[in-house]
Amino acid sequence: MSDAPPILDESAPAKDAVPAAAFGIRGQTQFGDIRRRFFRNKLALLGLIMVGIVFAVALFAPLLAPYDPRLQELGNTTAKPSGAHWLGTDELGRDQLSRIIFGSRIAIVVGLASIFLALSLGVVLGSIAGYRGGKADSIVMRIADAFFAFPLLIGAILIILVTGRGVLPVILAIGVFTWAVPARLLRSSILSVREAEYVEAARSLGASSWRIVTRHVLPNSLAPVLVYGMVSVGTAIVAETALSFLGVGVKPDVPDWGNMIASGRQYFSFLDYLWLFPSLAVVFTVLGFVFVGDGLRDALDPRLR
Amino acid sequence: MTCGSQPLVSVEDLHVEFHTDAGVVKAVDGVSWSISPGETLGIVGESGSGKSVSALAVMGLLQKPQAKISGRIVFRGRDLLTAGEDELRSLRGNEISMIFQDPLSALNPVFKVGHQVAEVIQAHEKIGRVPARKRAVDLLAEVGIPNPKQRAQEYPHQYSGGMRQRAMIAMALAMDPALLLADEPTTALDVTVQAQIMSLLRKLQEDRGTAIVLITHDLGVVAGHADRVLVMYAGRVAETAGADPLFHAPRHPYTLGLLTSLARLDRRRTDRLHPIPGQPPSLIRVPPGCPFHPRCAFATQICPAEVPPLVGGAAHAAACHHQDRVAEARAAVIEA
Amino acid sequence: MGRYVIRRLLQMILVLFGATVILFVSLFILPGDPIGTAAGERARDPAVRAVLEKRYGLDKPLPVQYAGYVSRLVRGDLGESYRQRRPVSEILRSRFGATAQLALAAIVFEILIGLTAGVIAAVFRYSFWDVLVTLTTTLAIGIPTYVGGSILQGIFAQNFGWFPRSGRPIDADPFTTMKALFLPAFTLASVDAALVARLMRGTMLEVLRADYVRTAFAKGLSKRTVVLKHVMRNSVIPVVTYLGIAFGGLVGGALITEQIFNWPGIGLALSTAIGAQDNPIIIAVVTYGVVAFVIVNLLVDLAYAYLDPRIRLE
Chain S
1 MSDAPPILDE SAPAKDAVPA AAFGIRGQTQ FGDIRRRFFR NKLALLGLIM
51 VGIVFAVALF APLLAPYDPR LQELGNTTAK PSGAHWLGTD ELGRDQLSRI
101 IFGSRIAIVV GLASIFLALS LGVVLGSIAG YRGGKADSIV MRIADAFFAF
151 PLLIGAILII LVTGRGVLPV ILAIGVFTWA VPARLLRSSI LSVREAEYVE
201 AARSLGASSW RIVTRHVLPN SLAPVLVYGM VSVGTAIVAE TALSFLGVGV
251 KPDVPDWGNM IASGRQYFSF LDYLWLFPSL AVVFTVLGFV FVGDGLRDAL
301 DPRLR
Chain P
1001 MTCGSQPLVS VEDLHVEFHT DAGVVKAVDG VSWSISPGET LGIVGESGSG
1051 KSVSALAVMG LLQKPQAKIS GRIVFRGRDL LTAGEDELRS LRGNEISMIF
1101 QDPLSALNPV FKVGHQVAEV IQAHEKIGRV PARKRAVDLL AEVGIPNPKQ
1151 RAQEYPHQYS GGMRQRAMIA MALAMDPALL LADEPTTALD VTVQAQIMSL
1201 LRKLQEDRGT AIVLITHDLG VVAGHADRVL VMYAGRVAET AGADPLFHAP
1251 RHPYTLGLLT SLARLDRRRT DRLHPIPGQP PSLIRVPPGC PFHPRCAFAT
1301 QICPAEVPPL VGGAAHAAAC HHQDRVAEAR AAVIEA
Chain H
2001 MGRYVIRRLL QMILVLFGAT VILFVSLFIL PGDPIGTAAG ERARDPAVRA
2051 VLEKRYGLDK PLPVQYAGYV SRLVRGDLGE SYRQRRPVSE ILRSRFGATA
2101 QLALAAIVFE ILIGLTAGVI AAVFRYSFWD VLVTLTTTLA IGIPTYVGGS
2151 ILQGIFAQNF GWFPRSGRPI DADPFTTMKA LFLPAFTLAS VDAALVARLM
2201 RGTMLEVLRA DYVRTAFAKG LSKRTVVLKH VMRNSVIPVV TYLGIAFGGL
2251 VGGALITEQI FNWPGIGLAL STAIGAQDNP IIIAVVTYGV VAFVIVNLLV
2301 DLAYAYLDPR IRLE
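Chains as they are written, first to last, in this note's numbering: chain S, 1 to 305; chain P, 1001 to 1336; chain H, 2001 to 2314.
It is worth saying that the hints were derived from the structure and are not from the lab.
Don't take each hint at face value.
Listed next, the in silico PhoX-like pairs over lysine-lysine satisfying Cα-Cα at most 25 Å (straight line) [unchecked claim]: (1) K1149/P x K1126/P; (2) K2223/H x K1068/P; (3) K1112/P x K1134/P; (4) K1149/P x K2229/H; (5) K1064/P x K2060/H.
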C-alpha cells in the first residue's frame, strides 16, 4: 500500500497521448516577430525605400549629378527648368539639380552623425543614471534637465556663435542639445527593467553588474531609444536645414538644402522653383525617416496601432 | 442556502471566440451554468480556461468586433446577449456587479476613493453629490475600512491591498445587486488578507442575499465558500457539482488530478507531490475530442475521437468517457 | 502639495544655476576672445574694447566674473546693440508683446486642434477620421516649418487673399489682428499640434485598455462619461508635460515663423541680429529664452502634480 496513487504514475504516459508537436507550436523568436510585423507594414516599407533612395543618392552623388554643384555659369543665372538644367539654375548660375543631389550628403551626414552623438551620450549617461541610481542618478538628471532647458535652435545658435558656421559645429550643436531625451528614455526604461525578476535572478546567480547590464538590462531597454533615434534623424535633418535657413548652419556656399531654401525665398512667388525643389527634397527625406520610425514603433509594440 | 426555484442567471451553450492574427481563440466553447438567488457558485480552472471570459460575457464587457459570442444568457427573463447597450448599462453596477483581480489597477489612480464609490450611486440614482458621498462613506464603513470619512478623501495608492479590495467591494455592492461576479478577488492579496476578504463577502452575502459567482484557481477558497462548483478546462465544462460531492467524489480525471495534486498537511513531508503532467493547451489549438486527453491517465482511443458530453444529472455531472474508471481510482486513493 | 511646490522651486533654482553656468562658459571661457563674441565686428574698435574689458572685468578671477554676469542678468542689463545704438533690453521689451501674442495664439491652436484630433482618432479608431488624422499629422511633422509656412503663405495669402501676407497691424481692431495672426500662429502650432494629437491618441488607446476603465464600464457608466471623465483625466497628463516641453520649440519656431511672416517679435529681432552679426541681441535673446523656458517648465511640473496625485509623493 504505497502512498502514491497508482494511477498517476508518470513513467507510463496515457495511451494515444498526442505529442506536443502535433499542435503545430513553432518556436518564434521575439526578433523574428518584430521583423515580420515591420515588413508587413506597407508604410514602413515605403519609408525604407525612401530612405534608401536618399542614401543611394548621397553615396553616388558625383556619379549622378550632371554638373559640379559649385560651377557658376554667370551668363545663365536664375534660368527656369530646361533640357540643359532640369531644375533650373540659381542666382549664381549653379545647376539646381546637382546642388540638390549633393545636398543629400550634408543632410545624411549631419542627420546620422548628430543622432549618433546624441544617442551615444544619452545611452552612456542614461545607463549610469538608471542603473547606479542614487547620487549618480540625481547628478546626471539635473544636468540633463539643464540641457533640456535649452530649445534646440536657440542652443544651436549659441554654439555656432562661439564656434562659427560649418558642418562639425552643426553636428555638435544638434547632438549636444538632443542627448537629454534618449538619456531620460533609457533611464526610465532601465528603471523598470532593473527591478524585473529576471534581473534579480541573474544577480542571485552571481552575475557581475557589467554582465547584467549588457546581457539583460540594455537589450530590453534599448528599444524605445532606438525608435526615438530613427525618428530623430528626420528631425535632425530638419534642424540642420532650419539652422542653415537662419544663417547659422553650414557655410553659405556649401550645397545644402537649407541654404538653398533661404536664398531661394528671396524670389518667393515669382521663381518658386528655387525654393520649392529643395523643400521637396527635405520633405521626402524626412517623411521617409518618419515612416520607418513609426513602423519600428508599431512593430515593437503592435497594441498601440 | 439554495432557495433556488427560478435560477437568477442561466448561461446556455455560451460560445466566445476571438479572431486574432495567430488564429481563432475559442475562449468559451459550449459552456452552460446557472445560479440561484443567494447562492455561491465557484468557477474553478487554470489560467486560460475561459472562466473570466464567461463572466465578462454576462456583463457584456467583451469588445464586440473582436469577440464573437453566441448562446443565451438569461437574467430575470431577459436574454442579455440580445439586449441593447442602454439596457445593459442600467444593469451593470446596479443589478449585476463585478469585482476584479488586481484592485490597484482596477481603481482609477487620479480620483479619490470616496468619489469613485459615490459615482456608482450617482450613475443609477437621481441623487445629489452630498448624499451620495455620505452613502459612500457608510459603505466604506460597512466593508470594514477604518476612519471611513477620512479615507474617502484619499487616493487608491494610499490604501493597502486589502483595503483597496474592500473599496472595490463597496463599489460593487453600493446598489445592492442581485448578482456579484468576483473574478479572482483574492489572488493578488496576502493569505491572511484573503481570509478577511472572503469572510467579508460571506457576511455581506448573508446580509443582502446576493448571489456570488466566485471565479478562482484556488481550490481552497472554493472549498470554504461555494455551494456549488463548476470546473472548467480549455473553455469547456469538465465537471459541475455541489461543493461537498465534488471534493469527496470527483468524477472527472481533471478534478481528481487537481485534488490529488494538492499538498496536504496530513501526509508525510517526504511524499512527492503529484502534479498533473503536461500543460494546459493553447486555446487556439484545442486538442480534438476531449481537450484533457493528452494529460489524462485514463485516456483511450475514444477520447481524442469524440467530445464527451456532460453526463450525470442536474446535481452532479462530468464530461468524461470513463467516469467509472475514475470512480475506481478514487476508491483506491481513499484506501491509501 | 505645498511641500512639492517648494521642492520644485529649489530645483528650478538649481537648473537656472546650471543653465547660467553653461551660458557663462560658452560666452566667456570657451571662445578665445570673449570680447569678440560679445561685440561682434565692433571688437576691432579699441575704444569699444576698453569699455567692454572694464565692464566684464576680464582680469578678475572667474567666479567674480560669473557673479558679475549673473548680477547683470538679474538687473536686466544686457548691454547695447551697436547696430541700433539702443540698450538691448529696450529693444527686446518693445518686441515682447508681438511674440507673446503669437505664442499664445499658437498654444491655443495646439491644444484645440491637437487634443480634439487625438481624441477623435482614439475613440473612432481605424475609421476614416483616424486615418485622416494620422496622415495629416505625419505630413505636419515631416514638412519643416519654413516650408509649410511658405506654402500656406503662398496658397492662402497670395492666391486666395484670405489673410494678409505678412506684417502685424498696429492699433487695429481685434478682427484685423486675428486675421493677421492666423497664418503665423497656425504655422507655428502645426508641428506641435500634430505631435499632441499623436500623443493623445496613443495615450488614450493605452488608457482605454486599462483595468480601471473596465471597472468604470462595470459600474454602469456610459461610454461618454468613461471617455470624457476617466480616460481624459488620465490621458491628459503626458500631453500637459509635452506642452511644457513644446514651449521651447515655440521659442525656436517663432524664429522661423516671424521671419517668414515678417512678424515684428523677438524672433525677427534675433534673425535680423544674426544676419547683422549684432551679438549683444543674440546673446540676450538666447539667455532670456532659456530662463523663460525653465520657469514655464516649473509651472508645467506643478500642473502635472495637480493632475496626477501620485507624483506628489516622489
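Status of the hints after comparison with the structure:
At roughly 23 Å between alpha-carbon atoms, K1149/P and K1126/P fall within 25 Å of each other, so this suggested pair holds. About 21 Å separates the Cα atoms of K2223/H and K1068/P, which keeps this hinted pair within 25 Å; it holds. Taking the CA atoms of K1112/P and K1134/P, the gap is about 14 Å. The hint holds against a cut of 25 Å. Under the criterion of a C-alpha separation no larger than 25 Å, the hint pairing K1149/P with K2229/H is consistent with the structure, at around 24 Å.
The hinted pair formed by K1064/P and K2060/H fails the criterion: a straight-line CA distance of about 75 Å is larger than 25 Å.
Of the numbered hints stated above, the single one contradicted by the structure is hint 5.
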